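Novice: With the hints as extra help, turn the sequences into a complete structure.
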Amino acid sequence: MADKVLLVGDGPLAEETAAFFREKKVEVWSLEQAREKAVPDIAAVIDGVSGPADWKKEGLRQAEALVFEQVPIFTSALYTCAAQAASWLNHPQRVAGFSPLCLREMKTVEISRPLQAEEDSGWTARLACWERWGKSVEVVGDEPGLVFPRTLALMVNESAYVLTEKAASAKDIDTAMKKGTNHPRGPLEWADRIGVDQVGWILKGLFEELGEDRYRPAPLIRKMIYANRLGRSTGRGFHRYR
Amino acid sequence: MIGAGTMGGGVAEVLAASGCEVILYDVTREALDEGVQRIQRRLGRQMKKGRIEEAEAEEIQFRIRPTVRLEEVAPARWVIEAVVEKLDVKRELFTRLEEVVDGESVLATNTSSLSVTAIAAAVKHPERVLGLHFFNPAPVMPLVEVVSGRMTHADTMDRAVSFIAALGKEPVRVKDTPGFLVNRIARPFHSEAYRMVGDGVADKEQLDRILRSAGFKMGPFELQDLIGIDINYAASTSVYDGFFQEPRFRPHPDQRQMVESGALGRKAGRGHYRHGG
Ligand SMILES: NC(=O)c1ccc[n+]([C@@H]2O[C@H](COP(=O)([O-])OP(=O)(O)OC[C@H]3O[C@@H](n4cnc5c(N)ncnc54)[C@H](O)[C@@H]3O)[C@@H](O)[C@H]2O)c1
Chain A
1 MADKVLLVGD GPLAEETAAF FREKKVEVWS LEQAREKAVP DIAAVIDGVS GPADWKKEGL
61 RQAEALVFEQ VPIFTSALYT CAAQAASWLN HPQRVAGFSP LCLREMKTVE ISRPLQAEED
121 SGWTARLACW ERWGKSVEVV GDEPGLVFPR TLALMVNESA YVLTEKAASA KDIDTAMKKG
181 TNHPRGPLEW ADRIGVDQVG WILKGLFEEL GEDRYRPAPL IRKMIYANRL GRSTGRGFHR
241 YR
Chain B
1 MIGAGTMGGG VAEVLAASGC EVILYDVTRE ALDEGVQRIQ RRLGRQMKKG RIEEAEAEEI
61 QFRIRPTVRL EEVAPARWVI EAVVEKLDVK RELFTRLEEV VDGESVLATN TSSLSVTAIA
121 AAVKHPERVL GLHFFNPAPV MPLVEVVSGR MTHADTMDRA VSFIAALGKE PVRVKDTPGF
181 LVNRIARPFH SEAYRMVGDG VADKEQLDRI LRSAGFKMGP FELQDLIGID INYAASTSVY
241 DGFFQEPRFR PHPDQRQMVE SGALGRKAGR GHYRHGG
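Protein sequences appear in the order of chains A and B.
Per our numbering, the very first residue in the first sequence carries number 1; after that it's consecutive.
Per our numbering, the very first residue in the second sequence carries number 1; after that it's consecutive.
In case anyone wonders, no lab produced these hints; they're calculated from the structure.
Just so we're clear, the structure is a prediction, and the values are computed from it rather than from any experiment.
Careful: at least some of the hints might be erroneous.
Below are the DSSO-like pairs computed for lysine-lysine, each with C-alpha atoms no more than 30 angstroms apart in a straight line [stated by the list, open to error]: (1) A:K171 / B:K217; (2) B:K124 / B:K86; (3) B:K86 / B:K175; (4) B:K204 / B:K267; (5) B:K217 / A:K107; (6) A:K179 / B:K86; (7) A:K37 / A:K4; (8) B:K86 / A:K166.
Here are a few chain A residues that sit away from chain B, every Cβ distance over 10 angstroms (derived from the structure) [said to hold, decoys possible]: (9) E23; (10) E27; (11) V28.
Footprint (simulated), chain A over chain B, 3 or more residues, beta carbon under 8 angstroms [what the hints assert, rightly or not]: (12) 135–144; (13) 162–173; (14) 181–189; (15) 195–206.
C-beta atoms are modelled at their ideal positions from N, C-alpha and C, and glycine is treated no differently.
Specialist: Dropping the structure here:
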């Protein structure tokens, strides 16, 4: 029988996450649907909300109330670490952080273990569903942005500073990284794909959680988010789209 | 082409292959001969692989005229310098070059980490000085950063961009800031990787695996083993110092320790990973 997952959140990233599950023939239930018609056999809760923290908290609490105690809850760790998300719930040991970025493209999925689950012997076994969904699991430390999102966000941030200084154009920045050091995409076109707001969340999470200047989001990124220049999804980010 | 080392020889080959007449200058006969031999060997390998005809390889070599006399570069319209990475050496060289070549010629430096502006300030007409930052190996890497110093004339930049495009390379324009584009924006790729490993977020193999899975050809640690951990560390410190110790660019202590321990990457047989026997 097909797996069912309960998806928290909407917006482009949550939609893409949902699209990944549908490709894997996994049934995706929304909170609304699950409230109307009880689904007893949910395999996992997938929280695709990056932030703000209040929304995540609200969504996660609602989801927790709708599933059995042993159902794993995977929460996007782009902005919050898993330990923070776990702190909002009644059964924190079943929480794991994950990265929803480029979920369809990547053959691995990054997962983080909250401190609250440190001694839970059943925690690792609850990751098995990802293998079923065709991913090899990489368990990494529980910090905002995990590995790939953190790496990418910092390169985008640096590029935003270059733009602010008018030291180069967005197009030339992307060309430079592709042709000068073989990156698969330029940082700015990559940001436009995943959403400039997502880059903002990752940087904000690192800055708040680790408290260091090196993670400070470039003012340009904050302004772009205010101006709804979020990338492909809104027709304009660092580049323009039709 | 001034300097017949790794970069000078590579750029000379690029220029000659696209039809330019090249005067290749180096200070010593030995360095010059070595440089020319390296070009010959590379062309020989390309011939064997069937990428170029023998006649073509001969023509390319024929177009490169080696010399140890600086006066012989006088007819050059484009002068590209790729000598040792030392500001005083480059400045002295540019002062001499200005006297040798025609007033219309462009003077370019291939520096990776020095200020183009500081080099240009050595000459009377800094508006015709700019950076042409090729990547190693020059015959293979398509990118050239065309770097505008504080005094570089807009027209010099435009001419250089067209010139680079005519060589079949990919020019990008960038202002004279530490690390230019590639070395600067790639800093977090490397330094944050050290940091994540240092803080126990991931181990090196795992981090490389994750970033490969995201689409990078190589993770930061395997890439550093290839380019040299010392070279990457030098890039880190020069960008960090160039920005007056901006925290975003702070290198990681493990970077220095790797260098101190002699684990420099593939060339040393060991780096982040073991290589060879
Ligand atoms: N190696 C790289 O990966 C790389 C990449 C991009 C840019 N660069 C830059 O290119 C330049 C050269 O680097 P390289 O790796 O080719 O060095 P290299 O040591 O291989 O070659 C330098 C050459 O310059 C010659 N030289 C020294 N002083 C000279 C002088 N006064 N006049 C003429 N020739 C002189 C030396 O004899 C030697 O042949 C440096 O500025 C470096 O920062 C290097």
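Novice: Each hint should be assessed against the structure and marked as holding or not.
Specialist: Structure-based check of each hint:
1. A:K171 / B:K217: Holds: K171 of chain A and K217 of chain B sit about 21 angstroms apart, inside 30 angstroms.
2. B:K124 / B:K86: The hint holds at about 20 angstroms.
3. B:K86 / B:K175: holds (20 angstroms)
4. B:K204 / B:K267: Holds - the C-alpha atoms of K267 of chain B and K204 of chain B are around 19 angstroms apart, at most 30 angstroms.
5. B:K217 / A:K107: Given pair K217 of chain B, K107 of chain A holds - Cα atoms ~14 angstroms apart, limit 30 angstroms.
6. A:K179 / B:K86: Holds, because 27 angstroms separates the two Cα atoms, which is no more than 30 angstroms.
7. A:K37 / A:K4: holds (13 angstroms)
8. B:K86 / A:K166: holds (28 angstroms)
9. E23: The claim stands: E23 of chain A keeps its Cβ more than 10 angstroms from every Cβ of chain B (closest is about 17 angstroms).
10. E27: Non-interface label on E27 of chain A holds, nearest chain B Cβ at 26 angstroms vs cutoff 10 angstroms.
11. V28: Fine: 23 angstroms to the nearest Cβ keeps V28 of chain A off the interface.
12. 135–144: holds (count 4)
13. 162–173: holds (count 3)
14. 181–189: Answer holds; 8 residues pass the 8 angstroms Cβ test.
15. 195–206: Holds, because 6 residues of the region 195–206 of chain B bring their Cβ atoms closer than 8 angstroms to Cβ atoms of chain A.
Checked against the numbered hints given earlier, this structure breaks none of them.
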